[in-house]
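Number of protein chains: 4
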Amino acid sequence: MNRLDLILKSHPGHAETQHPGWLACLEACLSCAQVCRSCADACVAEAKGDMLTPCIRRNMDCAAICDATAQVLSRTSQPDWRVVTALLQACAAACGSCATECERHAQMMEHCRVCAEACRECEQACAALGSKAKSCCC
Amino acid sequence: MNRLDLILKSHPGHAETQHPGWLACLEACLSCAQVCRSCADACVAEAKGDMLTPCIRRNMDCAAICDATAQVLSRTSQPDWRVVTALLQACAAACGSCATECERHAQMMEHCRVCAEACRECEQACAALGSKAKSCCC
Amino acid sequence: MNRLDLILKSHPGHAETQHPGWLACLEACLSCAQVCRSCADACVAEAKGDMLTPCIRRNMDCAAICDATAQVLSRTSQPDWRVVTALLQACAAACGSCATECERHAQMMEHCRVCAEACRECEQACAALGSKAKSCCC
Amino acid sequence: MNRLDLILKSHPGHAETQHPGWLACLEACLSCAQVCRSCADACVAEAKGDMLTPCIRRNMDCAAICDATAQVLSRTSQPDWRVVTALLQACAAACGSCATECERHAQMMEHCRVCAEACRECEQACAALGSKAKSCCC
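Protein chains in written order, with our numbering: chain E, 37 to 174; chain L, 37 to 174; chain Y, 37 to 174; chain A, 37 to 174.
Hint data in this document are derived by calculation from the structure and do not stem from the laboratory. Don't take each hint at face value.
As the list claims (entries may be wrong) - Result set (BS3-like, lysine-lysine): computed pairs, CA atoms no more than 25 Å apart in a straight line: (1) K170(L) to K170(E); (2) K45(A) to K168(A); (3) K45(L) to K170(L); (4) K45(E) to K84(A).
As the list claims (entries may be wrong) - Which chain A residues face chain L? A few, computed with CB under 7 Å, are given here: (5) D86; (6) T89; (7) I92.
It should be emphasised that the depicted structure is a prediction, and the values quoted were computed from it without experimental measurement. Glycine included, C-beta positions come from ideal geometry on N, C-alpha and C.
Turn these sequences into a full structure, and let the hints guide you.
Rendered as structure tokens:
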């Protein structure tokens, strides 16, 4: 059991936030935020004129929104499901948008290939948790 | 003209992100994030058992989402309007949820009164920009 | 009295964090983080090859460190002065480094001129609060 | 090889930021930020009057500073070593301070035990990278 799992299990709060989809989505957001930040920096360093400007933009938006989603999912006390659901939709949209842009450069740049992969995984994790949340809690 | 206004005007990018609703929403998010963080700390310091637990939770979620929204709105190069619109909805939801909770304590605690006010303003600014974005750009 | 001032005054905690230097530094960090984020996006949009790569880097580091400093200064309950002092030093270093880089482009790009100004103000506010903290509390 | 490792290796920038201590410190900061955020939420949910107020404060400061450090270490293009070194010192101080507080509750609360462990690891990773940086680059 990893540390993130351990600490969520030792929380005195509600069990509904401790199902596998919640933890999987939290981990996907953390990983995606980090990979997007690295990809943004790599894109800046490529210095390919304005070719990568939209990619840098998508990377940085996606990192910011994944960060916020991870922060919200880190708090398992009394979530407001309506807020969580809306945020998961925004996060899935940001991940999808970043993946689409990165996929255009994936054959040329390894960092964009890895980033697109992380974004697609996070998009799916957000959609999965979001639809579960919608059906049970909103 | 304040510094934030100045720097947005000196950006080489597109004019559509420089209309008054964009700047007003960015400023509302920055202010709301900050006020929510202060309110969370004040609520922790009140040490009123579990009475303020939901308020601390709402404050911190709202701060995280307002932060992300402000970051996204700070980038005026080539926004993805679908992502911006979804994020504005999540931000309005978070602000509304925090305002509703803070309003319950507003008569007893000045920090909750000020926080509810900032959240309502930000909720409206997000809704206003979101509906404009939806009609023109998505 | 603005909202940030109001909410800090309504905090049930210690008075030592409510002196003018604390609030001035908090406001300088908030403003500098925001201006640096805008400058980074403007620099990306300039698409001037690798000329602005170090500027984007300095802007983004400075924004991240100013954000963290603002978060820490937002909490006025029981600060750990040793942590606050070390963080103020890191923040002053980041602001100084970003200002120096932006000043090189200030005549050519208005966003770099405005950013350099915000960074110098924040550098001074951090140094002033840091030296006060060191003499009284560490 | 994990995704973070992969993306750092595909960066077009300088090799000096790709040594094992850099990656180890980045991973320790990411993990510690996350664990501190969870511990803060668990401490709020414990609702033990003001007993955990300093712990919540230390957790949240540590999370903010670890986040900023992780962001700075995510950018491997042209770091300013003086800024990196100062930030690593602040981060080590924040981790040490949070660990000390959490250790006081570690026998009673599992989340504090796990958090203290993550903080001590991160404190050491920051100190190790900081001293290496100081000797070679500042």
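Run through the hints listed earlier and report the numbers of any the structure violates, in increasing order. none
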